[in-house]
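Protein sequences appear in the order of chains A and B. Residues 130 to 332 in my numbering are what the first sequence lists, from first letter to last. Residues 67 to 472 in my numbering are what the second sequence lists, from first letter to last.
To be clear, the hints were calculated from the coordinates, so they are not data collected in a lab. Think of the CB as a built atom: it goes at the ideal place given N, C-alpha and C, for glycine as much as any other residue. Some hints could be false.
List of simulated lysine to any residue pairs, SDA-like, C-alpha gap at most 25 Å [said to hold, decoys possible]: (1) A/Lys158 / B/Glu229; (2) A/Lys158 / B/Ser360; (3) B/Lys431 / A/Lys312; (4) A/Lys223 / A/Lys312; (5) B/Lys431 / A/Val144; (6) B/Lys110 / A/Val218.
On the chain A side, residues computed to face chain B include the following (Cβ under 10 Å) [unchecked claim]: (7) Met137; (8) Phe145; (9) Thr265.
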Amino acid sequence: MKGYFSQMVSGVSTVFEGMSITLATLFTKTATIEYPDVDVRSDEALRKGGYKGNLRGMPENYRGLLHVDMEICTACMICMRACPIDCIVITNVKCDKRKFNGKSGKPAVQTRAATRFDIDLGKCMFCGLCSEPCPTGAIHHTTEFHFNKGSLAELVVCFVTPEQAALAQKRAAEIESEEKEKKAAEPKDKPAKSKKDDETSEG
Amino acid sequence: MSNLLVSLGLNETLASYLAVMIWPALLVNFVAIYGGVISVVLRKVGGWMQSRLGPNRVGPGGSLQWLADAIKLILKEGIIPAGCDKLMWNLAPFLIVMGVFATFVVVPWGSYIVPSDLNVGILYVISITALTVVGILMAGWASNNKWSLLGGMRAAAQIVTYEIPVAMGLLPAILVAGSLQMSDLMKAQGWSPFDWLVFQNPFSMLAFLIFFVGSLAEANQTPFDFPEAESELVQGFVTEYSGFRFAAVGLGEFANTWVVGALCTAVFLGAGNLPAFLGEAAFLSLLVFVVKVSLVVFVMIWLRWTLPRFRIDQAMEFSWKYLLPLSFVAFFGQALFMLATYERPWAQQITSHVMVLLFLGVLFKFSGRVMANIRLQNTPVNSPVKIQPPAPAAPAPAAAEPATEA
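All chains, full assembly: derive it from the sequences and hints.
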C-alpha cells in the first residue's frame, strides 16, 4: 500500500520536474545552425548566429573529400587496387627516377608518373581503404564535407590536368627512345635485371 | 444562431433551417483550419522544447507550413493496399473524422453560444467519441497488415480502459450542476477562479486531473498514442494510408485536441463566464473561452513533448489501478463535500480560496524550478558555477513494487 502511494507521488513529482525542464528549454535559445544558410566553415559566421558549441571544425580523422598530393604521388596504383568499388582510375607512364621522403618520412622512389588520376566522388563511400596502403601518404581524406555539385559528372575529380598529362607523356616518349638507344648500344647489359624492372612497373 | 437570423427579419422556420445549414459549414471549416494550424503550432513548440527550430521555411517563420502540407497530402496518390477490405478501409478515416466532428455539436463557444444545447450534452460527447475508435479498429482490421491490426486492437483496449475514468471524472461536475446539459454545466460556475469547478475543493481538482489525463488517452495524444506508436507499430492503423485519407486521419486527431480543451474549459475551468457587470457579451465570452481553450491545448502539447509513451501494459495498469480508484474517491469525496457544505456557503468560500492559494503556491514553486532550469541550460558545459541539483526524487518505486502486489 505504501508503494502504491509512493509511486503516485514519484509519478507526479517527475512529471512536474520534466515539464519544468521542457518549459525552460522553450525559453532558451535554440542550438540549431541552419547549415546551408550559415557558412559553417567560418567561426565568425557561426558566432554571429549565436552558436556556442565547438568551433574547432571537423576532427582530424574525419573522412571527408579525398585529395591527392600529386607532388608525392608515385602513381603506384595501390589505391586503385584497394578501392572496393573502383572509383579511382589511374594510368601511368615512365618518368625520371626520383627519390624523396613520403609524408610519414618513409623513403620512396618514383619511376612512373600519372597521366590520369580520377576519383569519382559520386561512387566513393569514404571507407578510407585507399589512404591506408598509400606508401607516401599522397591520397588522403580531408576534413572537407561540403562538395555538393549540380550533376554526377561534376563529382569526378581529376588530379592530373591534360597539360600535365601531355608533358608526362612527352617525357616518357623521350625516356623510351633514350633507353632504346642504350639497348642498341649495349645489347647484353644484365638482361635479367631489366626484365625484373619491367615486371614491377607493369604489375 | 436561429435567434440571430430571426432578429435579422427572417421567417422563424426558414431561420431554423438556415441555422442547421450554417452551423455545420462554420464548424467543419473551423475544424479543418484549426487542425492544420495546430499541427504547425505542435511542431513549432516541439522544436523549441527540444532546442530546435521547427518548421521555418514556408511563410514567415514557417507559419504557412500547414497549407503546404495540406496541398501535398491532397495531391498525393491514395494507394490502396492489395488484399485490404476496400469498403471498410475507405470508410474508416471518414468515420474517425466524423467521430470528432460530431462532438462539435455540443462543444460550446463561450458561455452563451452552443450549436445544439442537447439536454444530454456531456453524455453525448462521451458516447460519440467512441465512434472514432470504431473507425480506428476498422482501419486496423481492413488494412491487411499486422501492425495496423495491433494498433486497432490497442485503440479498442484503450477506449474500454479510459472511458470509465473520463466518465467518472465528469460526475462531480454533473453533481454540482445537477444536469447533463452544457449550458447548465457552464452556468454552475462563476467568472472568478474561486468559482471555477477545479478550485471548488480537492476532489473536484482531482476529478479535473483524471478527466484531463483520461481525455488525453481517449484523444490518442502522446503519451497515450498507442494505436499509432511509431517506434513499436510503425504508425499502427495509419501505416497503409496515404494521400487524402491520411490527411483525414491526421485532421481528426488534431481536431480532437480542441474538443478536449473545450470540454475541460466548459466543465471545469469556468467556461467563458464574465463578471455580472459586463452582461451577456457573447463575443467577449467567446474570446475568454478561446483563450482558455488555447491554454489547455498548450498544456497538452507541452505534455506531449515532455513525456515518453507508456508501454501498453503500463497504460492499462495506470488506468485500472490508479485512475479508476482515484475517480471513485473524487466522486464520493465531491458528494460528501456537497453534503457537508450544503448549508454553509462560507465553508465553500474558504475551501475554494485555499485551493486557489495552493494552486498559486504550486505555480510559484514550478516557476522557480523553471528559472533554475533556464540557468542550468544557459550555463556552458564544464563551467565552474555550481547549479542547485533538482529536488531529490521520491523513494524509488521499483523497490516498493512488490508491496503493491502483496
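query: Out of the numbered hints, which ones does the structure contradict?
result: Of the numbered hints given earlier, those the structure breaks are 1, 3, 6, 9, listed in rising order.
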